[in-house]
Structure formats: C-alpha cells, structure tokens
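J.: Read off the chains here:
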Amino acid sequence: MRKVIDIRNLEFHYYRQEKLLNNLNLKLKSGNIHGLIGKNGEGKTTLFKLICGLIFPIKGEIEVLEYEPRKRHTGMLNHVYFLPEEIYPTKLSILNYERVYAPFYPEFSSGSFYKYLNEFSIDTKNTNFEKFSYGQKKKIMIAFGLATNAKLILMDEPTNGLDIPSKRQFRRMISSVSNKDNCIIISTHQVFDLENMVDNIIIMDEHEIIFNELITSITNKLQFKVSKKREKNDLILYQEETAKGVGQILENKTGVESSLDIELLFNALLFDCERIKTVLD
Amino acid sequence: MMKNKVDFRQINLLIQRYMFENWSKEVLFWSIITMFFTVLDNRYFVIFVLFISGIIYSVRLHKELMNGTNGIHFMMIPATQTEKLISNIFLNTVYHFFMILFSYSIGNVLVILLYHVILKINVPVNWDLFQVTNNTFADGYILVSSRNVFWQIFGLFAFSQAIFTLGSLYFKNNIVAKTILSFIFIGFIFFMVQLILFKFLWDIKYLSNALFPILVMINDATLPPIVHKIITIGSYITLPYLWVVSYFRLKEKEV
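Those sequence lines, one after another, are chains A and B. Numbered by my numbering, the letters in the first sequence go through residues 1 to 281 in order. Numbered by my numbering, the letters in the second sequence go through residues 1 to 255 in order.
Looking at chain A on its own, in the form it has when it is part of the complex:
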C-alpha cells in the first residue's frame, strides 16, 4: 500500500478569521475508503481544499502522492479528483463533457463512465447538463470522478441530493471502485450513508482530527448494542437515548463483532474521546 496523504502539524485560517485547522496530522495510505465526519464549520471542506492545493496552509506540511499540493503539479492533478458539494454549472452534454475533460486524465475509462451512468439510470443521449436535476448532475460528476481512476478521490457531501436507490447504488459503486491503489475520502454529515461503505473513520472536532481508526479495529475492541434502559456496567463507555432504545458502546471483551453505529461512536467521541481512544489503543 502506498502513502497517499501525509499532513504534518497543519494550521490554517482564512484572512482575518479565527484558526480553522489547528495542529492537524493525518496519514492515509491507499486501499481504503475513509469517512470524514465532523460538525459544521470544523473545516472538512477546507481540509479537502488544502489537500487539493486550492488554498495554502499557514503552517505545517502537506504531501499528496509525494507532491506538494500548493505547487499544483500536473502529476498530482492527474491522479486527484475532487467532487465539491456545489456542482460545476456546465452547459455541456454528457458526451461533450467526456470529450472535453477525459483527455486530462490519463487513466480515464470511458467504458466505466457509461457503466456508472447506466447504473445511476442517467440518460446518456446528447442532453444538455442544465436539463438534469441537481441529483442527476451529482450522479454524472460522481460517475466521471470514479471513471478517472484517480489515486485519490475526495467527495464532499456526495450523497446530498441523491434519492434512496441512488444512495444504495453510490455505496455499491464506491465499494467496487476501491482497490489497493486508490484512496477515497468521503466527507458527510449523513453518517448513515457511510455505513457498510467506508472501512476507516476519521472524525474532526475542535479543528483537529481526534479520531482515525479502521472499522475492523473499532468493532474488534468496541461493542455496539441497543438496550431497553440505561445500565450501570464498568464495560459501558458511553450510552445515549435513541429512537430504538438506549444505544451503548461497551468494551468488547467477548470477541464477538457487532455492527458499527457511526452516529453513536461520533457522539461518544465528542463526549469523551480519551476514554474511547484508551480502549482502542
């Protein structure tokens, strides 16, 4: 597995504004799908922009695919695809969009592009982009991004605007695209969209990355369960009322893996991060 992102002691703030990212460290290798979660305004989009070289750090170093992003080297841009939350307002048809932008990506696969569009039920005839709905435009951009076969794919709120079947297709596509050579990072508020798709969770709080763990490691060491009422037990690390009952995170002493509840984990980490991390370490 190859080192894709290496961020060391990163600090960033916008002009005349408070610090947005503080002493941020992150190392990511290829072969994983990462879910980036955090409250609004924590700096998830800013972090993506810094990784892409769209904005520059105040302090610290960033290395992406062995390039310094601020230099916007073609070698890096060839292998990085960033899907922002807001869609680029192009007027091209799908055919022309591919004709214009695909040549910039040396590993672009036209076959995959149309396969993904087909999976998303997008009519690929020579239709103007403007005639598609927001969700459809997003699907086209997702399909294009995945077809670039980029080594680093960054998606900011990709499931916004997607209907329920499309979200399922999106999860399936992402899983099928992921391989040992690429690294996919998905930033979202909708934690349910990440379940059964990502294999690593990155959580941001107070402008730092407070948690970065593989799901297998989490479910090995932590147990997630729903109880009818609050319990007192030394193994319980966190519990909260949910619609289904009382969601609990316990130290996993049984060795039996439970299914991860990302929302519960996120809330637990915001409540007492150190306790959870001690168990995981």
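You may find that some hints are simply not true.
[What the hints assert, rightly or not] Computed, partial: chain B to chain A, Cβ under 10 Å:
| # | residue |
| --- | --- |
| 1 | R9 |
| 2 | N22 |
| 3 | W23 |
| 4 | A79 |
FYI, nobody ran anything at the bench for these hints, they're computed from the structure. Backbone N, C-alpha and C define an ideal beta-carbon position, used for all residues, glycine too.
Given chain A, work out where chain B should sit, using these hints.
T.: Here is chain B on its own, set in the frame of chain A:
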C-alpha cells in the same frame, strides 16, 4: 516524479474546453460585434470596439474561471499554471484580436452586399484598418505618407489585455474600475519619478504634459542616450513582464 513542463497538447485541450463550454456565448458575442461593424465601419470605432470588447472579454473570462465553484473546477484541471495562463492569453489576446478582424471583414462585406443588392450602389471595400496616412506641408507641397500600424495596435491591445488579465487575477470585484485606478496610481508614481529624474538628474526645463512625458520625449535630443536605451528595452519587456507577474499571481491564487 513527473516534470511540470509545458505541453502544447494540454494548451490545445484547454482552448477546446473553453470553446465547448462557451460556444453559445461566443456565437452571441461575435454576432453582436459583427452587427456593430455592419452599421459602423469607421476605423476609430473598430479600434474602440477592439479595446472595450477586449476588456469585457478578459474580465469575463477570468471571472468565470477563477471564482467559486468555477474556480475549483478550473484549478483542478490537470494542466500546469503556465498552460492555463497561455491558453487564457491566447484566447483574450490573439483569438480576440483576430475575431475582431474577422467580424469587421464580415460586417464590411455584409454592408457592401446590402448596398449593392438593395440600393444598387457599389461601395468600395474598406480594408485600410491599420493604414495611417500623414499629410506633411513642406515648401507649398503636401507630402502624403502612409504606414501600416498593425503591430503597434496589436502590441497596444496585448498590453491592455495583459493589464486586465493581471487585474482580474488580483481583484475579485469591480475588476475594471480597480484595474484602471491601479494603473492610474502606478502611472502617477512613474510620472513623479520622471519629474525627479528630469529636474535633479538631467536638469531639463521642458516637459511634455503627457502622463508619460518620457515616452513622448523619446526622440528629444536633450535626453541622455541611456534613457533612449531604457525606453526601447522597457517597451519590449513590459508585456512579457506583465505575463510573468500574472503567472506568479495565478500560481498563488487561492479559491
């Protein structure tokens, strides 16, 4: 690690990209310009349209490419900053200049055809866009001399476009006004420097009232020869200098 060299194929792709993305705007814009030239084919009017439409084109091009979602999209295109800048310079300088000439030619031919078909009048084709005629009176005779100013106009146009390219890379809003104000401000500083040089260094009593008297007085024999050399070299390097500054500005541009 790959070298970040300039690839003309990439420049071509960037130009193609612009054309594909903006063909409807292009058709509309050049149709309006052609209609202007059908109605008015006065030489000074054509030059005026060239410069004004050039400013609009340059500012629009950069505003569309550099801000918000468009900016993210443009910056993420896998091409070097040099390739991106060259493609933009090509579009707003070379392409724009020749499209003006093309529209002018079409407009000119159209008006002649209309005169011929409707009024049955034969009007000569007006191709002397860059031909300047000077009348000199000497010994009771009028000497008529004519010279071609194509390269001078193209150079001035390229300079104007380079100024507004740089302005649109520096400023986010009110690009035209801010660029003009900055240009006047820099011009004023340059003017003051000239005054100081003339007064204290060369003790020259006469001064043209132009903003850049040094340029007006280039042929003045009282100026030291070094000034002639500086002006000549300066006139050649100003344009590339503006492009280089634009390149560094683009490199440092954050979106």
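J.: Hint by hint, note whether the structure agrees.
T.: A quick look at each hint next to the structure:
1. R9: Holds: closest Cβ of chain A sits about 8 Å from R9/B, inside 10 Å.
2. N22: At 8 Å from the nearest chain A Cβ, N22/B passes the 10 Å test, so the hint holds.
3. W23: For W23/B, the interface hint holds, since the closest Cβ of chain A sits about 9 Å away, which is under 10 Å.
4. A79: holds, 6 Å
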